[in-house]
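Since chain X is already given, all that's left is putting chain D on it; use the hints.
Residues per chain, in single letters:
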Amino acid sequence: MNLAIALWLSQDAVTNGAIYALIALALVVVFTVTRVIFVPQGEFISYAALSLATLQSGKVPGTIYVLIGGGIIVAVLDGLAALRRRSLKSLPESTLLNIALPLAIAAAARWSASRPDDLLLQVVVTIAIVMPLGPMLYRLAFQPLANASVLVLLVIAVAAHYVLTGLGLVFFGGEGLRARMFPALQFQVGVLTISGQSIGVIVTALVLIVLLALVFGRTTYGKALRATAINRVGARLVGISSEFSGRLSFALAALIGAVSGILVAPITTIYYDTGFMISLKGFVGAIIGGMTSYPLAALGSLAVGFLESYSSFWASAFKESIVFTLIIPVLLWRSLATRRSEEEDDS
Amino acid sequence: MNMLEARGFGVSYGKVSVVRDAHLQISAGQIVAVIGPNGAGKTSLLSALIGLASAHGSIVYEGGNVADLSVEARVRRGMCLVPERRELFGDMPVEDNLRLGAFSRPRRGGEAAEDLAAVYARFPQLRERRAQLARTLSGGERQMLALGRALMARPKLLMLDEPSLGLAPRIVRDIFHVIADLRRTGVSILLVEQNARAALQIADYGYVLEMGEIVLEGPAAEVAANPRVINTYLGLAARAQ
Chain X
1 MNLAIALWLS
11 QDAVTNGAIY
21 ALIALALVVV
31 FTVTRVIFVP
41 QGEFISYAAL
51 SLATLQSGKV
61 PGTIYVLIGG
71 GIIVAVLDGL
81 AALRRRSLKS
91 LPESTLLNIA
101 LPLAIAAAAR
111 WSASRPDDLL
121 LQVVVTIAIV
131 MPLGPMLYRL
141 AFQPLANASV
151 LVLLVIAVAA
161 HYVLTGLGLV
171 FFGGEGLRAR
181 MFPALQFQVG
191 VLTISGQSIG
201 VIVTALVLIV
211 LLALVFGRTT
221 YGKALRATAI
231 NRVGARLVGI
241 SSEFSGRLSF
251 ALAALIGAVS
261 GILVAPITTI
271 YYDTGFMISL
281 KGFVGAIIGG
291 MTSYPLAALG
301 SLAVGFLESY
311 SSFWASAFKE
321 SIVFTLIIPV
331 LLWRSLATRR
341 SEEEDDS
Chain D
348 MNMLEARGFG
358 VSYGKVSVVR
368 DAHLQISAGQ
378 IVAVIGPNGA
388 GKTSLLSALI
398 GLASAHGSIV
408 YEGGNVADLS
418 VEARVRRGMC
428 LVPERRELFG
438 DMPVEDNLRL
448 GAFSRPRRGG
458 EAAEDLAAVY
468 ARFPQLRERR
478 AQLARTLSGG
488 ERQMLALGRA
498 LMARPKLLML
508 DEPSLGLAPR
518 IVRDIFHVIA
528 DLRRTGVSIL
538 LVEQNARAAL
548 QIADYGYVLE
558 MGEIVLEGPA
568 AEVAANPRVI
578 NTYLGLAARA
588 Q
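Heads up: the sequence lines are chains X and D, in that order. Heads up: the first sequence begins at 1 in the numbering used here, then just goes up one per residue. Heads up: the second sequence begins at 348 in the numbering used here, then just goes up one per residue.
Since the hints were derived computationally from the structure, they do not count as laboratory data.
Chain D side only, calculated, beta carbon under 7 Å to chain X, not exhaustive:
| id | residue |
| --- | --- |
| 1 | 423 |
| 2 | 434 |
| 3 | 436 |
| 4 | 448 |
| 5 | 450 |
Don't be surprised by glycine CBs; every beta carbon is placed ideally from N, CA and C.
Here chain X stands alone, though its shape is the one from the complex (with noise of 0.2 Å):
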């Protein structure tokens, strides 16, 4: 390996590290906010990517069907609840945003998907199709059973992660698709190009990671959220409804899902699947934090860059192997390392 190598490496070992570590952030505020350990992260990133590929070749991704039909399912259960009340008050607001929204959504993405050379336009689009499938994922399938244990929310997750596969192949295919690249540029520093690509990928994801950072410390619902994760009883005792964070917190994982998967479309080829692999390992960074630290999880995930990168140099046969194998010493350091910390044992 000689300087050249090593530097090429390290520039993809940081690209796809800063997704890892926007997937980790995603799954430490679901875990934190309502325990649940969120594998359908990554059909977030698939779908998005997906979506956006669609959109470029000038037609209407299959994923708005699968916002409209969800936001049917849910105004339907909105409804029925109501009913149960007898307190028809909160119906106007859950149509406008169950049905109306998303077939504004879906208007929107026809129209984006004739003017196949606006890339601004598919990328606001994409986003608005992916990100409130977050609250509505949340809203079917965990808020019902939001005071369970925590393995059967996971057990929810994984169900839900085949469910969202199984639709995505549906409505993409087997076939994998791949994004243009976003407006080409490239540096020459040294012996080393630098693609603009890896650039959008790693100044997106810092502008996001700050944003997040200015969201949880300065305004009200981002303090709601961290004390909903902090202290749940607390937390419904001031009016902060596990609901209400639940549904919030999905979003922001939508969210950024929704955005690792426009950065990555342009740079690998995206199947149905896809998504899942690069959230795995935004959830081995999520666990070198301990499912809790933000910094910890972001540093946790540049590592498993790095780890990826270098490893596909060496042992390329074993890369995903080596990636994951390293869950095991970073599971037994934490539970030698930590105190029980559990539940919030004092307030």
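Just chain D now, with coordinates in the frame of chain X:
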């Protein structure tokens, strides 16, 4: 006017019933004390009134039945519980804890800042420690923070679970002083206490809860004068007085 009336009120966990057929009433602007020994069901009673534990029977609050509402909906209507375990946000600064106390209220500019200033005026120690993480506070300060956070919601009915638990006598006196003072601002208070003497001193009305049943009730002074209460809860010092 009745602030709160619970009728045929019971709490059970699975098959074990901890409170049975209680009838409880709080008039607007009153302090009502519920005293009783450890394990009588006092904490369960409050948890069920705020909706954390499931209950049967009716809970009429400000003329409407709230028994089917979620905790958050009851909080929005002005019910507020300061739990025995305080349930603060330990990894957040004192000031964030207080600000989140106003989460249930519509956010209009200025109001929350006013309330924050009022809480700091009532508990100057909290102002000194406002940038400190809540988990670094002493027991007395935690109780102040829990009370302050509850006040940020501008409650109409404040329920306090053992506010004196684990505190030094001087701080207990301060806390009870604050509670008595709150009544003057028009808040109705349901006070659950093992410290029967202090509770009955500031209360208007008292209930005695034993083994999940209300065995005695009456104006606080009468309850405090009841020979059984004196023997069981107030002890020798009261007899000497």
